[in-house]
Amino acid sequence: MANKALVVGASGFSKKYIKKIIADYDFVIACDKGAEAFYGTDMEFDLCIGDFDSLDKNVREYFKSKDTIKYPVEKDFSDLELAINYLIEKDFQRIDFTGVLGGRLSHELFNLGLFLKIKKEGRRVSIREAATRCDFLSNNEVLNIPKGLEVSVVPFYDDDTTISMKGFRWNLKDKKINRGSTLTLSNYTVEEGYIMVKGNPVMVVIEPIEKKIQ
Numbered sequence: 001m002a003n004k005a006l007v008v009g010a011s012g013f014s015k016k017y018i019k020k021i022i023a024d025y026d027f028v029i030a031c032d033k034g035a036e037a038f039y040g041t042d043m044e045f046d047l048c049i050g051d052f053d054s055l056d057k058n059v060r061e062y063f064k065s066k067d068t069i070k071y072p073v074e075k076d077f078s079d080l081e082l083a084i085n086y087l088i089e090k091d092f093q094r095i096d097f098t099g100v101l102g103g104r105l106s107h108e109l110f111n112l113g114l115f116l117k118i119k120k121e122g123r124r125v126s127i128r129e130a131a132t133r134c135d136f137l138s139n140n141e142v143l144n145i146p147k148g149l150e151v152s153v154v155p156f157y158d159d160d161t162t163i164s165m166k167g168f169r170w171n172l173k174d175k176k177i178n179r180g181s182t183l184t185l186s187n188y189t190v191e192e193g194y195i196m197v198k199g200n201p202v203m204v205v206i207e208p209i210e211k212k213i214q
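The sequence shown runs contiguously to residue 214 in the UniProt record's numbering.
Quick caveat, the hints were computed from the structure, so don't treat them as lab data. Don't take every hint at face value.
Computed cross-link-like contacts, BS3-like style, restricted to lysine-lysine with a CA-CA straight-line distance of at most 25 Å [as the list claims (entries may be wrong)]:
1. K75 / K57
2. K90 / K120
3. K173 / K198
4. K4 / K15
5. K176 / K120
6. K117 / K64
7. K70 / K90
8. K19 / K66
9. K16 / K66
10. K20 / K4
11. K15 / K64
12. K15 / K70
13. K147 / K166
14. K120 / K147
15. K57 / K16
16. K166 / K176
17. K166 / K198
18. K176 / K70
19. K90 / K64
20. K57 / K70
21. K117 / K70
22. K175 / K198
23. K66 / K15
24. K75 / K15
25. K120 / K173
26. K147 / K198
27. K20 / K66
28. K120 / K175
29. K120 / K4
30. K4 / K57
31. K117 / K90
32. K75 / K19
33. K90 / K75
Derived DEER-like restraints, expressed as beta-carbon distance ranges [said to hold, decoys possible]:
34. N171 / A130: 25 to 33 Å
35. E108 / N85: 15 to 23 Å
36. E108 / T41: 23 to 31 Å
Note that beta-carbon positions come from the ideal geometry of N, C-alpha and C, so glycine has one too.
Take these sequences, add in the hints, and give me the full structure.
The following block contains the structure:
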């Protein structure tokens, strides 16, 4: 059964980081301009999806012999949503993304909705960038987190979301959290810890600690 897929977007991708993680995946999609992450490297993607309107001409020519699904420029879905729909249709149970942060704000906000769509279908989803990782958790899922990282938990719903956090500067036990609250902004692990979520999905944002907290 298809298991883990990686989608490479065009927003601030790191070729070095992609090379580090690409072997973890059974299937890799270059999402439109994300194909440029593979240009001039020995890395390979399995499929390129998009309208390719913003893809550099040389890159387009280089990859024209690869497996692609080309869509019209004028369409009802973003390139990223088309990639997600393809992977859901193929029944991938975990879908990770890189190169999806640091671009246009409007795209990032809509992308959050797409990631929640994946999560609500019972699949695993995360964003993996060189300096930031975002995991979407729900329904009694547990995420283990190493010591020395800054962690924020972003709730998306007004009810039915409860979290426990252990190993943090500020631990929580079966705490209800709601959309619009900053209670779970900028915590950090003082030892190897974990987060457990019950109910609706949250996004766990994990980043390096930029300065020592006294």
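Going down the list of hints, with the structure as the test:
no.: 1; hint: K75 / K57; verdict: holds, 21 Å
no.: 2; hint: K90 / K120; verdict: holds, 17 Å
no.: 3; hint: K173 / K198; verdict: holds, 11 Å
no.: 4; hint: K4 / K15; verdict: holds, 20 Å
no.: 5; hint: K176 / K120; verdict: holds, 19 Å
no.: 6; hint: K117 / K64; verdict: violated, 31 Å
no.: 7; hint: K70 / K90; verdict: holds, 18 Å
no.: 8; hint: K19 / K66; verdict: holds, 19 Å
no.: 9; hint: K16 / K66; verdict: holds, 22 Å
no.: 10; hint: K20 / K4; verdict: holds, 16 Å
no.: 11; hint: K15 / K64; verdict: holds, 20 Å
no.: 12; hint: K15 / K70; verdict: holds, 24 Å
no.: 13; hint: K147 / K166; verdict: holds, 11 Å
no.: 14; hint: K120 / K147; verdict: violated, 29 Å
no.: 15; hint: K57 / K16; verdict: holds, 23 Å
no.: 16; hint: K166 / K176; verdict: holds, 15 Å
no.: 17; hint: K166 / K198; verdict: holds, 15 Å
no.: 18; hint: K176 / K70; verdict: violated, 45 Å
no.: 19; hint: K90 / K64; verdict: holds, 23 Å
no.: 20; hint: K57 / K70; verdict: holds, 15 Å
no.: 21; hint: K117 / K70; verdict: holds, 23 Å
no.: 22; hint: K175 / K198; verdict: holds, 10 Å
no.: 23; hint: K66 / K15; verdict: holds, 19 Å
no.: 24; hint: K75 / K15; verdict: violated, 29 Å
no.: 25; hint: K120 / K173; verdict: holds, 24 Å
no.: 26; hint: K147 / K198; verdict: holds, 23 Å
no.: 27; hint: K20 / K66; verdict: holds, 22 Å
no.: 28; hint: K120 / K175; verdict: holds, 21 Å
no.: 29; hint: K120 / K4; verdict: holds, 17 Å
no.: 30; hint: K4 / K57; verdict: violated, 30 Å
no.: 31; hint: K117 / K90; verdict: holds, 16 Å
no.: 32; hint: K75 / K19; verdict: violated, 32 Å
no.: 33; hint: K90 / K75; verdict: holds, 22 Å
no.: 34; hint: N171 / A130: 25 to 33 Å; verdict: holds, 29 Å
no.: 35; hint: E108 / N85: 15 to 23 Å; verdict: holds, 19 Å
no.: 36; hint: E108 / T41: 23 to 31 Å; verdict: holds, 26 Å
When the structure is compared with the earlier hints, violations turn up for hints 6, 14, 18, 24, 30, 32 and for no others.
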